[in-house]
Amino acid sequence: MSEQTYSSSEIQLVVFKLGREEYGVSILQVQEIKRITEITRVPHTPEYIKGVINLRGSVLPVIDLKKRLNLPAQVSTEDARIIIVKVKEISVGMIVDSVSEVMTLNQQSIDSPDVVAGSVSANYLSGVGKLENRLLILLNLETITGIGQEANPI
Amino acid sequence: MDINQYMGMFLEESREHLQNLNSCVLELENAPDNLSVLGEIFRSAHTIKGMSATMGFTTIAELTHEMENILDMLRKSQLQATPEIIDTIFKCVDTLEQLVESVATNSESSIDSKPLIDKLKALAKGESNQTIVIEAKIEKTAPACSNIEFSDTEIAVIKKAREQGMNAYELHIYLREGCLLKSARTYMVMNALDEIGEVIKTIPTVDELEKEKFDLSFQAIIVTGCDVDKIQQTVLSISEIDKVLAVPCVLPKKTTALQVEQQVVTTEVAKIIPATAAATVSSAVDKKNKGGQSVRVDIDKLDALLNLVGELVINKTRLEQIGLTHKLVDLVETIEQMDRVTTDLQSVVMKVRMVSVGQVFNRFPRMVRDLSHGLGKEINLIIQGEETELDRTVIDEIGDPLVHLLRNAIDHGIEMPEERQNNGKNPIGEVRLIARHEGNNVIIMVEDDGKGINPEIIKSIAVKKGLISQPEADKMDANEAVKMVFLPGFSTAEVVTDVSGRGVGMDAVKNKIESLGGMVDVETKINEGSKFKIRLPLTLAIIQALLVNVSDEIYAIPLGSIDSTINIKSSDIKTVQNKEVILLRGQIIPIVRLAHALNIPATEENQDELFIVIVHLGDLKAGIIVDNLIGQQEIVIKSLGKLLAGIKVIAGATILGNGQVALILDIASLIQ
Chain A
1 MSEQTYSSSE
11 IQLVVFKLGR
21 EEYGVSILQV
31 QEIKRITEIT
41 RVPHTPEYIK
51 GVINLRGSVL
61 PVIDLKKRLN
71 LPAQVSTEDA
81 RIIIVKVKEI
91 SVGMIVDSVS
101 EVMTLNQQSI
111 DSPDVVAGSV
121 SANYLSGVGK
131 LENRLLILLN
141 LETITGIGQE
151 ANPI
Chain B
1 MDINQYMGMF
11 LEESREHLQN
21 LNSCVLELEN
31 APDNLSVLGE
41 IFRSAHTIKG
51 MSATMGFTTI
61 AELTHEMENI
71 LDMLRKSQLQ
81 ATPEIIDTIF
91 KCVDTLEQLV
101 ESVATNSESS
111 IDSKPLIDKL
121 KALAKGESNQ
131 TIVIEAKIEK
141 TAPACSNIEF
151 SDTEIAVIKK
161 AREQGMNAYE
171 LHIYLREGCL
181 LKSARTYMVM
191 NALDEIGEVI
201 KTIPTVDELE
211 KEKFDLSFQA
221 IIVTGCDVDK
231 IQQTVLSISE
241 IDKVLAVPCV
251 LPKKTTALQV
261 EQQVVTTEVA
271 KIIPATAAAT
281 VSSAVDKKNK
291 GGQSVRVDID
301 KLDALLNLVG
311 ELVINKTRLE
321 QIGLTHKLVD
331 LVETIEQMDR
341 VTTDLQSVVM
351 KVRMVSVGQV
361 FNRFPRMVRD
371 LSHGLGKEIN
381 LIIQGEETEL
391 DRTVIDEIGD
401 PLVHLLRNAI
411 DHGIEMPEER
421 QNNGKNPIGE
431 VRLIARHEGN
441 NVIIMVEDDG
451 KGINPEIIKS
461 IAVKKGLISQ
471 PEADKMDANE
481 AVKMVFLPGF
491 STAEVVTDVS
501 GRGVGMDAVK
511 NKIESLGGMV
521 DVETKINEGS
531 KFKIRLPLTL
541 AIIQALLVNV
551 SDEIYAIPLG
561 SIDSTINIKS
571 SDIKTVQNKE
581 VILLRGQIIP
591 IVRLAHALNI
601 PATEENQDEL
611 FIVIVHLGDL
621 KAGIIVDNLI
631 GQQEIVIKSL
641 GKLLAGIKVI
651 AGATILGNGQ
661 VALILDIASL
671 IQ
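If you read the sequences in order, they're chains A and B. Read in order, the letters of the first sequence correspond to residues 1 to 154 in our numbering. Read in order, the letters of the second sequence correspond to residues 1 to 672 in our numbering.
Bound conformation, chain B alone (with noise of 0.2 Å):
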């Protein structure tokens, strides 16, 4: 079989399962009885172990079936969730994760399982003596041959069997060791069954016996009018087939539900299901069944899609243009309709790009149990608006950034307990991760209960790294000085641990979120905590622009960072310490001439009029000197592909409606 054309499925489903394993686990910890979760825990574990089984991943398999038998006695109650377990389940999801990427990398993987698999063998056999007990008497009553329960129907119909003399039998197959084909084997036996009287039931049923899902043994029930006898001799005929077991059946007198507690009663397990169990089981099977219907579909073909969409878009545009040209006004006006339809397509499509960010969120909650533990640390993490949506290409990026930030507010932000008793707070800290929409924006705020940044220290430590001046930090004032962490080179941590504090980190976050079209800021008081926040466009894809010319050449500013644009004489602008400003409306603009950022051989004379864009990114503001405004314009962003990656002040490229190519600015770059 190639098994490589199931391989992305069985990558992307075992680590949906596993990042559900991690949520669960975590939701376990925190209510150990939790059954439904529990049930939940054990189905993912499942499809993984039985998911990698037929990929031929035996280590996966292996290791799930372990934790599978763990969970099972926790499922059922012979095993309480000590944190040890919990953490057991959790290296188990970790060490399962690195299984699958090494899969997915297709490296040899030099993970060694073995000492999980044994500590998970040792706890199942428990270390406590009641477990052992509990166990033992589980075993004793497990034997016991009649536990078959009938359906309404299925009584029905032995009932009916009885009153015409016919009996119901319960038949235990054992089909011989090293047996090859046990399908073939069960599905003979049920043929010759057939011919002496009725099965109405197998266990497990005839699907799961076809597909071998069965060891080596099967019951069946059958009604006939034959004896045991000649049942026997009837299956016994059948080759490999190594003793048969036939039981009259006992009809079960009471319901079901009964029957339950009854065994629950004869097994004498010290703990009795909560009634509360069957209850929390339905409600987590309402909860699968809520995520509605949905196609998984490639990200490639709907990159393709979106590529198409953006090509229809510049035809459009060059239509329209020549529809304008040529004043031909029947074109302009089905130009008019067809640009209503684009412009739908357009947005259905980014939306059916967007991807919600909860996708990256659900992470967050392990890593800050896993950190929170290790630094000795309360932390209780709120997260808020995981519903929000981001095109995907964001979200691919926003992951690393936010970690960082999440990290450096539990390690730096959040005190110790004692230390925050002492301040008055709340021992238990609290990080909150919240994401919700703005105007065209998405924001995503992580904000800390913590100490705080305190501006003097950032001043001094920025003063002792050489980073700025004694006299200039006199003169900074607290947010400037604050905003001083996102410098390069910069880190506050005294004691460089595991978690943060290695002095890359806060200026890394800012050109990611920035390369992103995005923006940081960040907030705090002392002894009440942080707050970054983060400004993200919702789309890379496609944006509004506005064209400018210098010289014969045209480039494309983002609308988003254009403040105004403004029409000066070449007398207003004034020289501040040789650098050109503008004063407007009070306030000093530095102005940069593009041309010359461009390196665009200068035009004849100096126009004596002025067009600037003002443009602003964060609290920065500039104006841009161009020769001429265009207009403005939906444009497409294009790569410029690998061979001209990393050009300073070009963000991208985008196709006009004349088919030739402009530049996008990249405002950040300009400005500084």
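Extracted from the complex, chain A is given alone in its bound form (with noise of 0.2 Å):
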């Protein structure tokens, strides 16, 4: 990282929007973003496997976010993108319906995800962001990638 400097309570995040909500992950584990490009579709995987795309030269898995979280589908629009995440030294891309900004958030302003304890994919949050009046999902990327966890994914 470059000479600015974070103290340890405050995190940076990628922010995107999926139908009207907002959600977070930490910079960190985000590769880069990409325009929507080819998908091939790889049978036989769950349904929210979107496919493989090629990322110059490898071949990288593709969630479908929204479908992974449950979340309506859409018609998806030019603001589309592919956030390409890092998750245990594995890459794998979520599809977004837009990226809107990178910000700090400070860690106090975190709630547990267990405000939402109950939904179906409280699972996949590592918790709630707080920000003046607006409210920020922060996923738990290893647990909707399916990397790291005991059980096989597929």
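Check the hints yourself; a few may be wrong.
[As the list claims (entries may be wrong)] Covered by chain A, per the in silico footprint, the following chain B stretches (three or more residues, Cβ under 8 Å):
id	segment
1	304-317
2	629-640
3	657-665
[Unchecked claim] In silico lysine to aspartate or glutamate, DMTMM-like type, Cα no more than 25 Å apart, as pairs:
id	chain 1	residue 1	chain 2	residue 2
4	B	648	A	21
5	A	86	B	311
6	A	86	A	21
7	B	642	A	32
8	A	88	B	97
9	B	464	B	507
10	B	642	A	142
11	B	465	B	397
[What the hints assert, rightly or not] Non-contacting residues of chain A with respect to chain B, defined by C-beta distances greater than 10 Å in every case (computed):
id	residue
12	9
13	32
14	40
15	72
16	79
17	80
18	98
19	106
20	137
Just so you know, the hints here were simulated from the structure itself, not pulled from any lab data. Being a predicted model, the structure only gives us computed values, none of them experimental. Even glycine gets a Cβ: it sits at the ideal position worked out from N, Cα and C.
Could you fit the two chains together into a complex? Lean on the hints.
Now the structure itself:
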């Protein structure tokens, strides 16, 4: 990281939208953000696996994040992006509706995901960030991708 | 010192030397008097000792040190290479392997080498009187001073000095115990000696002295006009020198070779070094030097290189397409040139990644020896074609299946010696491990001349285990029956032994080989033996494939598994027991609708004309219905990554000329 110093109580997030909700993942886990390219469907995979893409010569799986989080599907727009994240050395792409900004969030303003306990996808969240009048849903990439989980995700 | 940077080198070289030890000790077992082999063993052990001591792995160093003592005694014919000693050496090698591996995995080793060291020490002391006697005699003669051998030039220098009224002295210089900077002290001694005369030789050499490769004393030959007292004074003026002995040099009267002989006589060692010793040693040296020049390269770098070449091939294909779409003649011509270069480049890179199967094979003699000893069988392992080369990725994986096949051959195949004799066979069984090229494949065969596989027994076991029903068994021919050994959960051993027969095995072998894109087959004759034949592709990274279209998706089928492509009418498809088949040249071939197998939404209406790709897997054939054939292309196989690993029907992915990802079909799972 550059000259900027962060206090340990702050984290930097890449903020993106799914439908009307705002989500965030730690910037340290984000490798790059890409426009939607040709995605090859892979048969016999869970529905939320959209397929694979070619990222400069390597083949990466891409997750349809809305399907994974049980959000209603929409027609994707020009703003749709693939966020490529690295979880335990494995790169995975996630389709999002749009990427809005990078912001710094204080650890203290993060609530545990229990506030939404009971909902199907609570398992995939690591917390909820409060920011003035906005709410940021922080994702748990390990459960979302199924990487590093005991059970095979597929 | 940061030893981590040397760790990789240490591990690699240790493993190499251990492997070498293993094969040499085996050789020694067959020819206990072979001094050149002993020499080789000694050198390997010595290198390991040196390396491990430098790296601070004292356990390894200690064990090798004791081992070296024994080896040294063997070399000097003070000990006989009895089976007991050979076994102990083998155990040492095993323990060393474990120790090295525990270093590799960075785990605390719980291996106790103490009993082995004690055993080695006991062996070194010798259990028989004879060895002790010889030892004693050697000790008596050992302290004799003037055993120094002079080269011709040195002799000439000494003679000349004498003509000039000077004298040559042999100095024995002893450093004080606990002397810290031995090399510095010796340097000072040398300097002082140089002032009063000329040092013409040191034992050990000056190099070794600088590296402190000596205990507490060393010898030097000095030519000087001074007398003994002066020399002693000079040397003793340096601190930390314990004492100096100076004796006038005695020049040998005869050549050094004769001197050796004299020594042998004077030491009265019963066993005179065989006359052939010198010759065999030199041949061993020849063998060493034959290795040729090579460079050690990290395999990751090679993988990276292959990846880059793969990228290049992909981009070339992309350029080709641009040239074709825009009808750019110049570009197409240039690309043709480039095509040749990339093809060459590719084949060179592939060749660089090739490793000879010998690397896997050379651990088998030891294994076969141990197994056959354990089972009380006598077995001769014959290895052929170990220079055959395969891609490294295949080499890494092929070891386990081969171990399994060999164990089976030894445990189930070869009979006990008495039984063999009763059947009029050579009591010594024969297991052959053969590798050779065949077209674009490499064949590895494991053959034994044992009892063979009885199809009737196989059938009855399969029925008993509920793998097939009795009527099914009755219908089966011998060939089919024998192939059932590859079924999961099949084991024919009546007694489950340590060696094999736990019911996992042959199916694991088959799976492994198939995952490598290969095939395994078995031929057997009762009482004559069995032959397992493994067929492997030369490489796994870049293959020729047929691209096909289903709906709007593109899939690649490896050309290696394609028989032919045909064009049929949809009315040609018949059904047998609700399964779709076609009749091709009198053969009934089951068909697979790719769209169905891949969960592709059905295309609007049934086409009347269908494209079928006939694929084969071993003897099994099947037709795959596709919408369209696109063409043959060279593809670079990419893994789908850990997240998507293990998907049925898909073997991997590749990147097409337009940058799109296409999936490669796994024929084996598609057919079954």
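Legend entry - Hints that the structure is at odds with (numbers, increasing): 4, 8, 11, 14
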